[in-house]
Amino acid sequence: DAGVTQSPTHLIKTRGQQVTLRCSPKSGHDTVSWYQQALGQGPQFIFQYYEEEERQRGNFPDRFSGHQFPNYSSELNVNALLLGDSALYLCASSPPPGSYGYTFGSGTRLTVV
Amino acid sequence: AQKVTQAQTEISVVEKEDVTLDCVYETRDTTYYLFWYKQPPSGELVFLIRRNSFDEQNEISGRYSWNFQKSTSSFNFTITASQVVDSAVYFCALSGYSSASKIIFGSGTRLSIRP
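Protein chains in written order, with my numbering: chain S, 167 to 279; chain B, 8 to 122.
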């Protein structure tokens with residue numbers, strides 16, 4: 167049973183560009199959350215998607231947006247990249263209510279130059 | 008507001024020593040989960056333990072043990088007879104009681120085990 171799959175694993179972008187990161191949740195999971203982990207810090211919650219809608223959002227600017235598809239997979243989009251957006255982006259999926267199984271992917275390491 | 012504090016930024020011990028990683032949390036929720044994750048250099052978050060707020064029993068898993076004290080809002084993690092492979096960054100974290108709740112992480116403790 168595949169866990170959470172993220173792509174790409176590494177990415178280098180230039181300031182001002184836009185980037186899209188992808189996440190496939192674990193089988194049976196319908197909720198996807200995204201986290202940003204800057205170097206030397208703990209992961210910080212960006213937002214969560216459920217039923218193709220953003221359900222919760224952390225303290226991140228509107229440059230960060232997302233999408234969830236009918237098959238529960240998700241994308242994280244970041245516009246107008248800043249050097250400070252360089253980080254490890256982690257996707258996590260969780261199952262429907264009634265069971266617990268918060269599962270993280272291996273992450274996408276984004277470097278903005 | 009929810010908050011997790013890991014006051015120890017870095018710890019370095021010699022192999023086979025015991026080491027305790029401290030974690031203090033803040034929440035107004037009466038029901039919540041506490042976690043410990045390990046992050047090796049590869050970057051993947053490795054789940055170690057989840058403990059709900061109702062269960063204050065200490066837990067032991069091999070060389071790992073966890074001490075949850077609700078009265079002091081602490082959830083400390085001890086590695087007994089440390090090994091070089093234990094070297095990693097360890098995160099303590101807190102979430103609400105739903106599987107959809109966001110997880111609040113501490114800033115992490117970098118543990119180095121010297122041979």
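Source of the hints: derived by calculation from the structure; they are not laboratory data.
From the three backbone atoms N, C-alpha and C, an ideal C-beta is built for every residue, glycine too.
It is possible that some hints are incorrect.
Derived DEER-like restraints, expressed as beta-carbon distance ranges [to be verified]: (1) V21/B <-> G206/S: 37 to 43 angstroms; (2) R223/S <-> G50/B: 21 to 27 angstroms; (3) G250/S <-> S119/B: 24 to 30 angstroms.
Heads up, simulated SDA-like pairs for lysine to any residue below, C-alpha to C-alpha not over 20 angstroms straight-line [unchecked claim]: (4) K179/S <-> V278/S; (5) K77/B <-> R57/B; (6) K10/B <-> V278/S; (7) K23/B <-> Q207/S; (8) K77/B <-> V31/B; (9) K77/B <-> N65/B; (10) K45/B <-> K179/S; (11) K45/B <-> V278/S; (12) K45/B <-> T269/S; (13) K10/B <-> Q207/S; (14) K45/B <-> R35/B.
The hints, checked one at a time:
no., hint, result
1, V21/B <-> G206/S: 37 to 43 angstroms, "24 angstroms, violated"
2, R223/S <-> G50/B: 21 to 27 angstroms, "24 angstroms, holds"
3, G250/S <-> S119/B: 24 to 30 angstroms, "28 angstroms, holds"
4, K179/S <-> V278/S, "5 angstroms, holds"
5, K77/B <-> R57/B, "15 angstroms, holds"
6, K10/B <-> V278/S, "29 angstroms, violated"
7, K23/B <-> Q207/S, "28 angstroms, violated"
8, K77/B <-> V31/B, "10 angstroms, holds"
9, K77/B <-> N65/B, "12 angstroms, holds"
10, K45/B <-> K179/S, "28 angstroms, violated"
11, K45/B <-> V278/S, "26 angstroms, violated"
12, K45/B <-> T269/S, "13 angstroms, holds"
13, K10/B <-> Q207/S, "14 angstroms, holds"
14, K45/B <-> R35/B, "26 angstroms, violated"
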